[in-house]
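2 protein chains.
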Amino acid sequence: MADPQWDPYDRNCPTRRVLDRIGDRWTVLVVGTLDDGPMRFGEITRRIDGISQKMLTQTLRGLERDGLVKRTLYPQVPPRVEYELTEAGRTLREPLKALEDWATTHIGGVLEAREQYDQAV
Amino acid sequence: MADPQWDPYDRNCPTRRVLDRIGDRWTVLVVGTLDDGPMRFGEITRRIDGISQKMLTQTLRGLERDGLVKRTLYPQVPPRVEYELTEAGRTLREPLKALEDWATTHIGGVLEAREQYDQAV
DNA sequence: CCGTATCCGGTCTGATACTG
DNA sequence: CAGTATCAGACCGGATACGG
Numbered sequence: 001m002a003d004p005q006w007d008p009y010d011r012n013c014p015t016r017r018v019l020d021r022i023g024d025r026w027t028v029l030v031v032g033t034l035d036d037g038p039m040r041f042g043e044i045t046r047r048i049d050g051i052s053q054k055m056l057t058q059t060l061r062g063l064e065r066d067g068l069v070k071r072t073l074y075p076q077v078p079p080r081v082e083y084e085l086t087e088a089g090r091t092l093r094e095p096l097k098a099l100e101d102w103a104t105t106h107i108g109g110v111l112e113a114r115e116q117y118d119q120a121v
Numbered sequence: 001m002a003d004p005q006w007d008p009y010d011r012n013c014p015t016r017r018v019l020d021r022i023g024d025r026w027t028v029l030v031v032g033t034l035d036d037g038p039m040r041f042g043e044i045t046r047r048i049d050g051i052s053q054k055m056l057t058q059t060l061r062g063l064e065r066d067g068l069v070k071r072t073l074y075p076q077v078p079p080r081v082e083y084e085l086t087e088a089g090r091t092l093r094e095p096l097k098a099l100e101d102w103a104t105t106h107i108g109g110v111l112e113a114r115e116q117y118d119q120a121v
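So the sequence lines, in the order shown, correspond to chains W and Z. Once you know that position 19 of the first sequence is 19 in this note's numbering, the rest is easy, because the numbers rise by one and skip nothing. Once you know that position 76 of the second sequence is 76 in this note's numbering, the rest is easy, because the numbers rise by one and skip nothing.
Everything labelled a hint here was simulated from the structure, so no lab data went into it. Some hints here could point you the wrong way.
[As the list claims (entries may be wrong)] Here are the simulated DSS-like pairs of lysine-lysine, each with C-alpha atoms no more than 30 Å apart in a straight line:
hint: 1; chain 1: Z; residue 1: K70; chain 2: Z; residue 2: K97
hint: 2; chain 1: Z; residue 1: K70; chain 2: W; residue 2: K97
hint: 3; chain 1: W; residue 1: K70; chain 2: W; residue 2: K97
hint: 4; chain 1: Z; residue 1: K97; chain 2: W; residue 2: K70
hint: 5; chain 1: Z; residue 1: K54; chain 2: Z; residue 2: K70
hint: 6; chain 1: Z; residue 1: K54; chain 2: Z; residue 2: K97
hint: 7; chain 1: Z; residue 1: K97; chain 2: W; residue 2: K97
hint: 8; chain 1: W; residue 1: K54; chain 2: W; residue 2: K70
[Claimed, not checked] Covered stretches of chain Z (chain W as the covering partner; in silico rule of three or more C-beta atoms under 8 Å from a C-beta of chain W):
hint: 9; segment: 14-21
hint: 10; segment: 28-42
hint: 11; segment: 53-59
hint: 12; segment: 63-73
hint: 13; segment: 88-94
Values in this document were obtained by computation on a predicted structure and should not be read as measured data. All C-beta atoms, glycine included, are put in the ideal place defined by N, C-alpha and C.
Given the sequences, and given the hints that come with them, work out the whole structure.
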């Protein structure tokens, strides 16, 4: 399947859909964190600065729904839940890394340009 | 500037900032469109399906502010305005392309997983 | 032609409180 | 520990009307 000659300016094209997916506040950070290996809910919470329980749950559910994260519940008391990237989830890391690299390299210039622009007003 | 050992889970890290920048609905599409070369406002509008004047203006202003797009006004009547990617703007295309490629390759699986997940409910 | 100004509804998020 | 429920504010984006 795939490749029905997508028009990139069509709102249903894959890129748009993927951006809607990862463009939110937390998804990229969660994927990046899980790249370190399987991890418990609490561990992820501690690693990501400022995320709330609600948003972490919501983000993980979304990723699980899209087959990018696998959720494993160990029926214990207290419960233990582990999350890990699926095969598909791991492949997402590469393009994300490219973006991170760009960010690190260019953020200085961007911030500088921003300051200049704001002063010119 | 740059490289004060960013904590990727800090909300001020470059990646986060860049994602806040390009994570919106239109920025990526505008950058992709301008990659074809300098272009007038109306031309961009026609190329991008569904964008409103307001959002195009807003997106272009943001990109201009960050030094990723250059705006040139030709003082004519009626006015003629051209937009083009700056050097920095062009470098952004590469990581964006990586994301597009991932999207094209994996969107099928994602959509499929989503369907299964939703049925399981 | 290329915008700006305004209103307004939907979504995203965070804070808080509660549960198996 | 790992969630769910609820509420309210911020923000995004679209529609519309008007201006240089």
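Non-conforming hints, listed in increasing numerical order: 11
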